[in-house]
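Please work from the sequences and hints to get the whole structure.
Numbering of the sequence shown is given in the numbering used here, commencing with residue 69 and proceeding in unit increments.
Each hint should be verified, as a subset may be incorrect.
List of simulated lysine to aspartate or glutamate pairs, EDC-like, C-alpha gap at most 20 Å [what the hints assert, rightly or not]: (1) Lys185 with Asp230; (2) Lys145 with Glu303; (3) Lys153 with Glu206; (4) Lys305 with Glu256; (5) Lys260 with Asp143; (6) Lys194 with Glu177; (7) Lys380 with Asp240; (8) Lys145 with Asp351; (9) Lys252 with Asp229; (10) Lys330 with Glu368; (11) Lys260 with Glu177; (12) Lys185 with Asp214; (13) Lys185 with Glu256; (14) Lys194 with Asp230; (15) Lys330 with Asp143; (16) Lys330 with Asp351; (17) Lys153 with Asp229; (18) Lys305 with Glu177; (19) Lys252 with Asp214; (20) Lys251 with Asp151; (21) Lys305 with Asp328; (22) Lys305 with Asp144.
So the derived label-pair ranges between C-beta atoms look like this [stated by the list, open to error]: (23) Glu120 with Ala268: 44 to 52 Å; (24) Asp374 with Pro146: 37 to 45 Å; (25) Asp143 with Glu120: 36 to 44 Å; (26) Glu120 with Phe400: 14 to 22 Å; (27) Asp143 with Ala333: 33 to 41 Å; (28) Asp207 with Leu323: 31 to 39 Å; (29) Ser390 with Val366: 19 to 27 Å; (30) Thr134 with Gly265: 45 to 53 Å; (31) Lys175 with Ser270: 28 to 36 Å; (32) Ser322 with Ala297: 16 to 24 Å.
Honestly, the hints are just simulated from the structure, not real lab data.
These figures come from a predicted structure and were not determined experimentally.
In this text, a Cβ means the ideal position worked out from N, Cα and C, and glycines have one as well.
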Amino acid sequence: MKSFGKSIQLGAIALASVIALTACGSDSSSSTPTPTPTPTPGAAVSKGVITELGSVFVNGIKFETTDPAIAITIDDKPGVAGDLKRGMIVKVTGANDDATKTGIAKKIEARDALEGKIEAVDPLNKTITVMGQIVQVEDNLTHLNDDLTVKVFTAAGFAVDDTVEVHGFADDTGGLRATRVAKKAIGEFEAKGFVTGLGAASFGLSLTPGGASFITVNFTAGQLPVGTANGSMVEVKSTLAPTGVAGAKTITASLIKFEDNKLGAAGEKVEVEGLVSSGTVADFVINGQRVVTNASTVFEGGVKADFVLGSKLEAEGPLDASGAIVATKISFRSNIRIEAAAS
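Next comes the structure, spelled out in structure tokens:
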């Protein structure tokens with residue numbers, strides 16, 4: 069157990085070297101060297117799972133939440149620090165010091181992936197199905213409600229028609245690996261994802277850009293935001309439960325809006341945790357975010373050859389003009405949750 073001090077040293081990182089980007093991956097159409105952007109001094113964005121409270125621990129950093137001006141939102145609604153729960157996927161904007169593993173949060177945004185009724189429970193494979201999406205529950209990794217004891221899947225803990233909200237990471241098989249599953253009061257049905265197969269009155273929703281659709285969304289004229297295209301990230305809400313059979317669910321939208329998945333401006337330093345859902349070691353996607361590596365990228369907790377689809381990683385580096393992370397460091401993560409102690 070490690071204790072962190074209250075004082076925070078905010079460091080600035082200056083990267084001025086121009087590095088040739090390794091040419092690999094289906095998105096690469098040119099061999100022109102790509103420079104590593106110079107990160108904005110002091111600024112930082114961390115996107116990952118809350119592992120502990122008492123402040124907020126994300127990606128191994130203890131972020132203080134004592135700033136009276138801090139802005140907290142839960143699915144775009146104003147919130148307070150008490151609304152933040154273990155297992156939530158959050159985006160923390162502020163500043164941090166890698167050396168002391170401490171930081172100050174200025175803004176925290178929590179967004180779940182799904183809200184709806186459980187449609188199926190598979191005790192053998194430890195999965196539930198919500199909004200047509202198969203959700204993998206992992207023993208001792210997935211936070212169930214606010215239980216702080218050992219978290220183990222039991223069929224008795226889940227029932228068809230229970231309403232739940234799900235946070236998690238998309239994997240390379242089209243599944244969602246849950247970091248949090250919490251029961252909630254019956255409300256609207258919600259799903260977030262990327263538009264695929266856009267037609268005149270329907271589209272598919274996928275967890276990753278270009279991935280397989282897990283549900284079909286029907287909409288009427290005027291509901292679709294102007295500029296929606298295949299690859300757009302959207303949030304879909306409905307007052308009606310999905311219809312159809314397993315593997316072919318359809319939902320009728322009551323609201324469709326763009327989901328902001330932009331991490332920051334070019335040059336801003338970011339850290340993102342997730343599972344590799346597509347790509348190669350040179351150009352891949354985790355947690356819906358594109359990451360590219362180059363000759364100067366440092367690999368920790370493993371070597372470059374350890375990279376495989378489905379790997380759990382943390383990518384760190386500045387954003388380039390396209391919004392991709394140009395990774396200065398890739399950290400391999402095991403599936404064993406290490407929780408820091410609150411102080």
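Verification of the supplied hints:
{"no.": "1", "hint": "Lys185 with Asp230", "in the structure": "holds (5 Å)"}
{"no.": "2", "hint": "Lys145 with Glu303", "in the structure": "holds (14 Å)"}
{"no.": "3", "hint": "Lys153 with Glu206", "in the structure": "holds (17 Å)"}
{"no.": "4", "hint": "Lys305 with Glu256", "in the structure": "holds (6 Å)"}
{"no.": "5", "hint": "Lys260 with Asp143", "in the structure": "holds (11 Å)"}
{"no.": "6", "hint": "Lys194 with Glu177", "in the structure": "violated (29 Å)"}
{"no.": "7", "hint": "Lys380 with Asp240", "in the structure": "holds (11 Å)"}
{"no.": "8", "hint": "Lys145 with Asp351", "in the structure": "violated (34 Å)"}
{"no.": "9", "hint": "Lys252 with Asp229", "in the structure": "holds (12 Å)"}
{"no.": "10", "hint": "Lys330 with Glu368", "in the structure": "violated (26 Å)"}
{"no.": "11", "hint": "Lys260 with Glu177", "in the structure": "holds (15 Å)"}
{"no.": "12", "hint": "Lys185 with Asp214", "in the structure": "holds (19 Å)"}
{"no.": "13", "hint": "Lys185 with Glu256", "in the structure": "holds (10 Å)"}
{"no.": "14", "hint": "Lys194 with Asp230", "in the structure": "holds (16 Å)"}
{"no.": "15", "hint": "Lys330 with Asp143", "in the structure": "holds (15 Å)"}
{"no.": "16", "hint": "Lys330 with Asp351", "in the structure": "holds (18 Å)"}
{"no.": "17", "hint": "Lys153 with Asp229", "in the structure": "violated (23 Å)"}
{"no.": "18", "hint": "Lys305 with Glu177", "in the structure": "holds (19 Å)"}
{"no.": "19", "hint": "Lys252 with Asp214", "in the structure": "holds (12 Å)"}
{"no.": "20", "hint": "Lys251 with Asp151", "in the structure": "holds (15 Å)"}
{"no.": "21", "hint": "Lys305 with Asp328", "in the structure": "holds (16 Å)"}
{"no.": "22", "hint": "Lys305 with Asp144", "in the structure": "holds (13 Å)"}
{"no.": "23", "hint": "Glu120 with Ala268: 44 to 52 Å", "in the structure": "holds (48 Å)"}
{"no.": "24", "hint": "Asp374 with Pro146: 37 to 45 Å", "in the structure": "holds (42 Å)"}
{"no.": "25", "hint": "Asp143 with Glu120: 36 to 44 Å", "in the structure": "violated (22 Å)"}
{"no.": "26", "hint": "Glu120 with Phe400: 14 to 22 Å", "in the structure": "holds (21 Å)"}
{"no.": "27", "hint": "Asp143 with Ala333: 33 to 41 Å", "in the structure": "violated (24 Å)"}
{"no.": "28", "hint": "Asp207 with Leu323: 31 to 39 Å", "in the structure": "holds (36 Å)"}
{"no.": "29", "hint": "Ser390 with Val366: 19 to 27 Å", "in the structure": "holds (22 Å)"}
{"no.": "30", "hint": "Thr134 with Gly265: 45 to 53 Å", "in the structure": "holds (46 Å)"}
{"no.": "31", "hint": "Lys175 with Ser270: 28 to 36 Å", "in the structure": "holds (35 Å)"}
{"no.": "32", "hint": "Ser322 with Ala297: 16 to 24 Å", "in the structure": "holds (22 Å)"}
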